[in-house]
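Peer 1: In case you want the letters, here they are:
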Amino acid sequence: MIELLSTVVDGIIYSSWLFIVAVGLTLIYGVMKILNIAHGSLYALGAYMAASLAGYWLAHGYPPLGSYGMLALSAVLVGLVMGPLIERGLLRFMYGKDEVVLLLATYSVFLILEDAIKLIWGVDSLSIAEPYGMLGSVDFAGLTYPVYSVLLLAISAVVGVALAWVLQRTRQGKLLIAVIHDSEMSAVMGIRVPRFYLVTFTVGAMLAAVGGAFTAPMVSVVPGMGVEVIVLAFAVAVIGGLGSLKGAALGALMVGLVRSAAVHFLPQVELFSIYLVMVLVLLFRPKGLFSSAEARKI
Amino acid sequence: MMQKRSGSGRILFVAFATVLIAVGFTLSAHAADQKPIKIGIVSFLSGPPAGPFGVPARNGAEILAEALNEGGKVPGYGTKGLGGAPIEVVYIDEAGGTTKQVTEYRNLVQRQDVDLVIGYISSGDTLAIAPVAEGLKKLTVFFDSGTPRIFEDASYKYVFRTGSHSTMDSVGAALYVTEMKPNIKKYAGINQNYAWGQDSWSDFEAAMKILAPKAKAVTSQMTKLMSGQFGAEISVLLSSGAEVIHSSFWGGDTESFVLQAAPRGLFKKSTVVLTCGEHIMYRLGNQIPDGTVLGGKGTVGIFAPNTELNRWFQKAYTARYDVPPTYPSYRMVQAVLGVKAAYEKAMAANKGMTPTQDQVIASFEHLSFDTPSGIVEMGLGKGHQAVTGISYGTTKVVKGKLTITNIKTYPKEKVNPPEGVLSKDWIESGFKRTK
Chain A
-7 MIELLSTVVD GIIYSSWLFI VAVGLTLIYG VMKILNIAHG SLYALGAYMA
43 ASLAGYWLAH GYPPLGSYGM LALSAVLVGL VMGPLIERGL LRFMYGKDEV
93 VLLLATYSVF LILEDAIKLI WGVDSLSIAE PYGMLGSVDF AGLTYPVYSV
143 LLLAISAVVG VALAWVLQRT RQGKLLIAVI HDSEMSAVMG IRVPRFYLVT
193 FTVGAMLAAV GGAFTAPMVS VVPGMGVEVI VLAFAVAVIG GLGSLKGAAL
243 GALMVGLVRS AAVHFLPQVE LFSIYLVMVL VLLFRPKGLF SSAEARKI
Chain V
756 MMQKRSGSGR ILFVAFATVL IAVGFTLSAH AADQKPIKIG IVSFLSGPPA
806 GPFGVPARNG AEILAEALNE GGKVPGYGTK GLGGAPIEVV YIDEAGGTTK
856 QVTEYRNLVQ RQDVDLVIGY ISSGDTLAIA PVAEGLKKLT VFFDSGTPRI
906 FEDASYKYVF RTGSHSTMDS VGAALYVTEM KPNIKKYAGI NQNYAWGQDS
956 WSDFEAAMKI LAPKAKAVTS QMTKLMSGQF GAEISVLLSS GAEVIHSSFW
1006 GGDTESFVLQ AAPRGLFKKS TVVLTCGEHI MYRLGNQIPD GTVLGGKGTV
1056 GIFAPNTELN RWFQKAYTAR YDVPPTYPSY RMVQAVLGVK AAYEKAMAAN
1106 KGMTPTQDQV IASFEHLSFD TPSGIVEMGL GKGHQAVTGI SYGTTKVVKG
1156 KLTITNIKTY PKEKVNPPEG VLSKDWIESG FKRTK
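Those protein sequences? They're chains A and V, same order as listed. My numbering numbers the first residue of the first sequence as -7 and each following residue consecutively. My numbering numbers the first residue of the second sequence as 756 and each following residue consecutively.
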């Protein structure tokens, strides 16, 4: 029973992290139909920026709790700088072209950013472990868990609820839904579609950076860390249905729980577990769990 | 009108001209001898292994090549370069996978025309490069990579490896923990799910079955390479009741594992053995909890003998890069010094003339040579595979600084199989020295 409980707890903690790193990817695809491969680099940039800013903060003896503010600030900075830079500087010239062209464009951005990270921070790892342990730990199901995991859970809940609220309860959100359904018609009706694209890409970039910034205290920040994340985020987004917020949440939960169960009960299949979920879902729902029906265009 | 030279003047002129011509010939012959020896150095310069392994190894090569070219700087190796010929180095990035590496290797040999290649950290790369090197008939020295398969599954003329293989790490770790905990009942593992992690765990488990037959492996966690997230695995290890946890993690995975497991109390509950942990000790410092067992794939770094050669290397490296050298640097230096020793031995046998590649290879086989990590002996793989001893120690933070205590060094005979015996068979035989 305790083993089962810890399996669920581990699964939920991992799911919350997965949701944070995948939600930006699914948001950008949902609105702009761009599979943003550069998402992995934006995640890595968030982590590097967080390690630098929070490291600077702590090294100068400022109040340790402020380091959490530095993590958040890092994500905001990366989003505000890189989002508009990529969307206005590159992607807007390719709207209307085939989705593959946009995918390749974001892949090129990914490669450029990976090298930029090496140029700026070098190839040595960075670590900023203090925020991970600073909040202490709690005992649950006979095991010790860091309170930081609860913080991650809270962040994923806040991100999910905030996005759902903006999309469904605000005027801007409803206009965005109109853009998602038909951008040309929305433009004819007077909606400033380019502005929505800019904001969406910036928010998506910021969410990728949030994932990286709040992962930084748990891991060694190393070159190439974004590669692994883009694969995971893509798997979660595909399972849930590309572009679906609910799908990303459920996809993350399914992957998290299945992976945790594999680690606890059948460790030899852990490597395969995420892809097993993906195969099973796509076998029965080829467009993911929450893909919306598409009108046939004549 | 020209004046006719006198007899004695003519003799002096002829003598002077003869001397000039002779000196000219000597100088040109000497210059020909000084043709640089071009070495291709292959190491990870990008990607996750660059920081912990690739760049320290490259730095080790750089500092040693420069010192050798200056001459008289490296204790015990007074001759300049290789037998007087300067060393010219070409650096190549090992990132990109085996297919790319085979192409890069061919470029080095066929286009850049290097005299020899020293390199390769990844076991996959070494397994792919070895037959290509044999086909191209180019002297190639592997400085790292763990897999014992290179010389246990095949035989090569042109390929050497100057670092011990991974069996030594696992057997050394098993010896250390069974001496530390003679009544151990449960142990577990967390390793990366590819050849390196699987082989390391397999050898460790096999050695534990011999050294502590009553102990039981309670779980073996195999994680995706560079996954960075070990929450569930740490829960399993915490609830497993294992007294010892074996891990051959390297690079970012090691650091992430320590950062995530320490606050959850895993290092207090179990003795964690990091077989490659030496290379993270300067990065994480006192974040590595007390009581962690660290190894470094040999007698390197903090475990290295207090010799003049090691003191020189430590000092020169630290002065240049502001951090002490770790095992990848030591292993690279072993390779370069191995080549130098073999080259100069062949040169001496060739009466001081530039040796041929075949003469260098003949000298390299079964060679013993001095390095900052002690004497390296090419004792396996028909003289192509090095054997060394290995050290392990336990961490203790003293006045905020990480130190290593309870250091034990196992001689090469105790942690390596004898010639002609497969590592797996040797362990399962109970470490017998005879066939």
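Just so you know, the hints here were simulated from the structure itself, not pulled from any lab data. Small disclaimer: the values here were computed from a predicted structure and weren't measured. Watch out, some of these pointers could steer you wrong.
To be verified - Straight-line C-alpha distance at most 27 angstroms; calculated DSS-like pairs for lysine-lysine:
hint, chain 1, residue 1, chain 2, residue 2
1, V, Lys964, V, Lys793
2, V, Lys1024, V, Lys892
3, V, Lys835, A, Lys110
4, V, Lys892, V, Lys941
5, A, Lys110, V, Lys979
6, V, Lys912, V, Lys855
Peer 1: What hints, given by number in increasing order, does this structure fail?
Peer 2: Violated: hints 1, 2, 3 and 4.
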